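Student: Sequence:
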Amino acid sequence: MIGFVNWPAIASRARAVAPGLGLAALLTVIALVIGEVQERFLDYAVLEPLVLALLFGLAVRALWPPREVFVPGIGFAAKQLLEFAIVLLGASLNLAAIVDAGFQLLAAVVISVSVTLVAGVALGRLAGLSTRLSILIAVGNAICGNSAIAAVAPVIRAKKQEIASAIALTAVLGIGVVLTLPALISLFELSDERYGVIAGLTVYAVPQVLAATIPVSAEAGQVASLVKLTRVLLLGPVVALFAWIYRKGDDEQATTRLSIGKFLPWFVIGFVALALLRTSSIIPEGLGNIAKDVSRILTSVAMAGLGLSVDLRSVRSSGPRVALVVIALTILLVTMALTIVTVMDIG
3 MIGFVNWPAI ASRARAVAPG LGLAALLTVI ALVIGEVQER FLDYAVLEPL
53 VLALLFGLAV RALWPPREVF VPGIGFAAKQ LLEFAIVLLG ASLNLAAIVD
103 AGFQLLAAVV ISVSVTLVAG VALGRLAGLS TRLSILIAVG NAICGNSAIA
153 AVAPVIRAKK QEIASAIALT AVLGIGVVLT LPALISLFEL SDERYGVIAG
203 LTVYAVPQVL AATIPVSAEA GQVASLVKLT RVLLLGPVVA LFAWIYRKGD
253 DEQATTRLSI GKFLPWFVIG FVALALLRTS SIIPEGLGNI AKDVSRILTS
303 VAMAGLGLSV DLRSVRSSGP RVALVVIALT ILLVTMALTI VTVMDIG
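Numbering (our numbering), first residue to last: 3 to 349.
Keep in mind the hints are simulated off the structure, nothing from the lab.
Do not rely on the hints blindly, as some may be mistaken.
[Said to hold, decoys possible] Subject to a maximum C-alpha distance of 30 Å in a straight line, what follows is the list of computed DSS-like cross-link-like pairs (lysine-lysine):
1. LYS81 with LYS161
2. LYS161 with LYS294
3. LYS81 with LYS294
4. LYS294 with LYS162
5. LYS81 with LYS162
[Unchecked claim] Pairwise CB distance ranges, derived in the manner of DEER restraints:
6. TRP9 with PHE105: 37 to 43 Å
7. VAL73 with PHE190: 50 to 56 Å
8. TRP268 with GLY178: 33 to 39 Å
9. SER14 with LEU243: 19 to 25 Å
Bear in mind the structure is a predicted one, so any value in this text is a computation, not a measurement.
Even glycine gets a Cβ: it sits at the ideal position worked out from N, Cα and C.
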């Protein structure tokens, strides 16, 4: 079997991608160190390493456009490495948690995610954004922020500048949600449990959910984490859905394909397969946690590569409109969460 492996070709490919991949990895190491410093002194990362890696990549590209020798590795990091990271992410998702959450909570999450997806795309198109960028913004805010954007981007064939815009602006504006959300407690006389549900339905990234709730109480943090986990577990179905309804085409066209083997990219199949293996305990929890950490690091490297390959001017052109859509979507999310917990009497 080993004799059939084209080792010279593999070695040549490795040499070609090494410079660019090494540069992306270096930026990621710096981002991880800064993230660790934030954790140590602030108890949470204001800007996650994944976002920092993207911003560092954009900055390096703007100040020092990488030479040709770096291009193959940068492209490898932004595409193939990202796809592998998505597969590994599946190993950390135990789908049984959806059942454990209970029907009422699951219904609340499904309603919230569904409305956010539809409203996000509609608001984006209304603001003049491309369909792909609108989908990325909607998915990021509906499910789990950067990871959701990174997972959906390949299946809808999003452009690099669209991914960069969605991640960078959504992440920065998400900080404002963390800082202002606790004001709802006194404004609406919320219990810690009800506030936890609202935070879990509203805040876009897992670390930020903890940042918005742990200072309030441990109970709020636990409830919010459960709700957020339920949102995260919908990532697989949402990725598969967009893989099914989206095919290669321009910003205005979407269609369906009926052959599973054709419409599901390999990394979506791998993601779902590992999630099922984790749910059935074939992949133990410890190994799943390791896969999650590795996936997070690889995704950060991919985001650094993405930043290195994006012209910042193309991101700036859509920045104000993206910010407007994210703000409008955030207001909708908070309003909807308050309505859901009141009508369904959750918490």
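Student: Now tell me, hint by hint, if it's right for this structure.
Tutor: Evaluation of the provided hints:
Taking the CA atoms of LYS81 and LYS161, the gap is near 11 Å; set against the 30 Å cutoff, the hint holds. A distance of roughly 25 Å separates the Cα atoms of LYS161 and LYS294; the hinted pair therefore holds under the 30 Å criterion. For the suggested pair LYS81 and LYS294, the alpha carbons sit about 18 Å apart, so the restraint of at most 30 Å is met. For the given pair, LYS294 sits about 24 Å from LYS162 by alpha-carbon distance, which is consistent with the 30 Å threshold.
A distance of roughly 10 Å separates the Cα atoms of LYS81 and LYS162; the hinted pair therefore holds under the 30 Å criterion. Between TRP9 and PHE105 the beta carbon distance is about 55 Å. The supplied range of 37 to 43 Å is therefore violated. For VAL73 paired with PHE190, a C-beta distance near 52 Å keeps the hint of 50 to 56 Å intact. Between TRP268 and GLY178 the beta carbon distance is about 38 Å. The supplied range of 33 to 39 Å therefore holds.
Between SER14 and LEU243 the beta carbons are some 39 Å apart, a value that contradicts the proposed interval 19 to 25 Å.
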